[in-house]
Amino acid sequence: MDWTLLAQQLFGSAHNITAHGDFLEGSAEFEGQAITVLGSTHHAPIGVALALAQARVVLDTLARHPGAAILLLIDTQGQQLRRRDELLGINRAMAHLGCCIDLARRRGHRVIGLVYDQALSGGFITSGLIADACYALPDAEIRVMRIPAMARVTKISEQRLTELSKTNPVFAPGVQNYVAMGGVRSVWTGDLRQGLREALAASPSTDTRAHDGAARGGRTLAESVVQRVLAAA
Amino acid sequence: MSLSFAECSARERIALLFDEGSFHEWLPPSERVTSPHLAQLGLPAAFDDGVAIGRARLDGHGVFVAAQEGAFMGGGVGEVHGAKLVGLLRRALRDRPRAVLLLAESGGVRLHEANAGLIGVSEVMRAVLDVRAAGIPVVVLIGGANGCFGGMGIVARCADRVVMSDIARLAMSGPEVIEASHGVEEFDSRDRALVWRTTGGKHRYLSGDCDALVEDDVAAFRTAAIAALNGSRPLTLAALEREHAGLTQRLHDVADDEDAVLLWQRLGVREAAQVPDMDVETLRSHRPARGTQLAG
Chain A
1 MDWTLLAQQL FGSAHNITAH GDFLEGSAEF EGQAITVLGS THHAPIGVAL
51 ALAQARVVLD TLARHPGAAI LLLIDTQGQQ LRRRDELLGI NRAMAHLGCC
101 IDLARRRGHR VIGLVYDQAL SGGFITSGLI ADACYALPDA EIRVMRIPAM
151 ARVTKISEQR LTELSKTNPV FAPGVQNYVA MGGVRSVWTG DLRQGLREAL
201 AASPSTDTRA HDGAARGGRT LAESVVQRVL AAA
Chain B
1001 MSLSFAECSA RERIALLFDE GSFHEWLPPS ERVTSPHLAQ LGLPAAFDDG
1051 VAIGRARLDG HGVFVAAQEG AFMGGGVGEV HGAKLVGLLR RALRDRPRAV
1101 LLLAESGGVR LHEANAGLIG VSEVMRAVLD VRAAGIPVVV LIGGANGCFG
1151 GMGIVARCAD RVVMSDIARL AMSGPEVIEA SHGVEEFDSR DRALVWRTTG
1201 GKHRYLSGDC DALVEDDVAA FRTAAIAALN GSRPLTLAAL EREHAGLTQR
1251 LHDVADDEDA VLLWQRLGVR EAAQVPDMDV ETLRSHRPAR GTQLAG
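Protein chains in written order, with my numbering: chain A, 1 to 233; chain B, 1001 to 1296.
Simulated from the structure, these hints should not be mistaken for lab results.
All of these numbers come straight from a predicted model, not from anything done at the bench.
One should not assume that every hint holds.
With beta-carbon atoms standing in for the labels, derived distance ranges [to be verified]:
{"#": "1", "chain 1": "A", "residue 1": "GLU31", "chain 2": "B", "residue 2": "GLN1249", "range": "37 to 47 Å"}
{"#": "2", "chain 1": "B", "residue 1": "ALA1245", "chain 2": "A", "residue 2": "ALA201", "range": "50 to 60 Å"}
{"#": "3", "chain 1": "B", "residue 1": "HIS1061", "chain 2": "A", "residue 2": "SER224", "range": "29 to 39 Å"}
Cβ atoms here follow ideal geometry from the backbone N, Cα and C, with glycine treated the same way.
The shape of chain A in the complex, shown without the other chains (with noise of 0.2 Å):
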């Protein structure tokens, strides 16, 4: 979904939310809450840059308005491919960004992440995967890579792969696979106001996914993992 249909939807009038090339920065008020809005569009990658401006409203909020929810919205290819990021330490910028997100939830901030169109690896583990809670909408695609690609790199035919991932989540992409792992709590289908409200209203503040995934079915081992790990002698 476009962006601007997804704030006229979500928001009315009740926002200003402008986009700086495939940056998107503004605030919104929802049912009488403050909410500060930010992310990217046009499958955009995550540089240094995009991730440094989008850690700098997360301060700005942390900063001018304790308390206020964060709403993530989320379009990115992954990581930006390039050596000058490498070299300028693009792993500690996106590092960063995690660390600013992590601090509102610590100081009271609900953040919720919104795949609205997609959502792949490197950008997503900072952004939707770093919320207390990530939703989805129906048409978004979530992903580390494709089958195609997938099938290149385990050396393992696509046919194959195309007929696990009926029965496994872990091996295709997909909104319903990642929302059965555990990683999306839920798709908001219909009026997405009532799934913000949600939202806002009941998202976990710790990290309930590996319960999630496993409660679901689609990730089996991990809680029982942990669990394990806890009760070890």
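Fit chain B to the known structure of chain A by using the hints.
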């Protein structure tokens, strides 16, 4: 006599780095906690899924430790591997060891179980930040031949302290991936000198991306690990503003086509062109004030 950290296996590193005989492993290979996804793909599993976790003593202090095995799937994080790391970190929150040491060697998410690995890495990241927020230092040691990449490169930078050897690498995407995406002109993955100038331990040390630089020697890593035991670095708004200012300034230091040597010069490194030939001790005396500031 010096013993190469890079050439040791994960378990050898643990045995040599911590106080002799002090390692007690949780979910050891005898429990055969393996990846069901690799089995489905018909691939061989490892009985520890490529990571050893447990408690040990370091200079007499009780610590928790995890060591990734680069020889198994490049240290890639799958569902079980990631959950072992998360379990160790949650246990640290409960039992409060003196520190958590992560001997990182990983290409990032294990692509064979990519979706679960991606979520797993993000769970590790949140768990690291929980432990850090509790005032228990998380120390990442990077010295394996596979480096520390992808999601684990992000995790490393969420820790309180990072120690690297001069032959180690810390980055996001591997040079091969960048070359495949944007061409050999963008990043020649076979130019080893370029690769190390861009992602290697010396560059990370000079620019403050790691806190300590050591020789590729197990004893040197042990000394640096002991020194990092008091290295708790709480994340505060002021600390994040300092980090932001440092990273923003660095972003403006380098134009698109410029090389590490120019960045080092602008950071204030003397004799920047000689850096690749310097030994570790000489290099330490060349660290600029700005690199030290960014290291905190």
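Now for the hints, and whether the structure bears them out:
{"no.": "1", "hint": "GLU31(A) - GLN1249(B): 37 to 47 Å", "result": "holds, 40 Å"}
{"no.": "2", "hint": "ALA1245(B) - ALA201(A): 50 to 60 Å", "result": "violated, 36 Å"}
{"no.": "3", "hint": "HIS1061(B) - SER224(A): 29 to 39 Å", "result": "holds, 31 Å"}
Violated hint: 2 only; the structure is consistent with all others.
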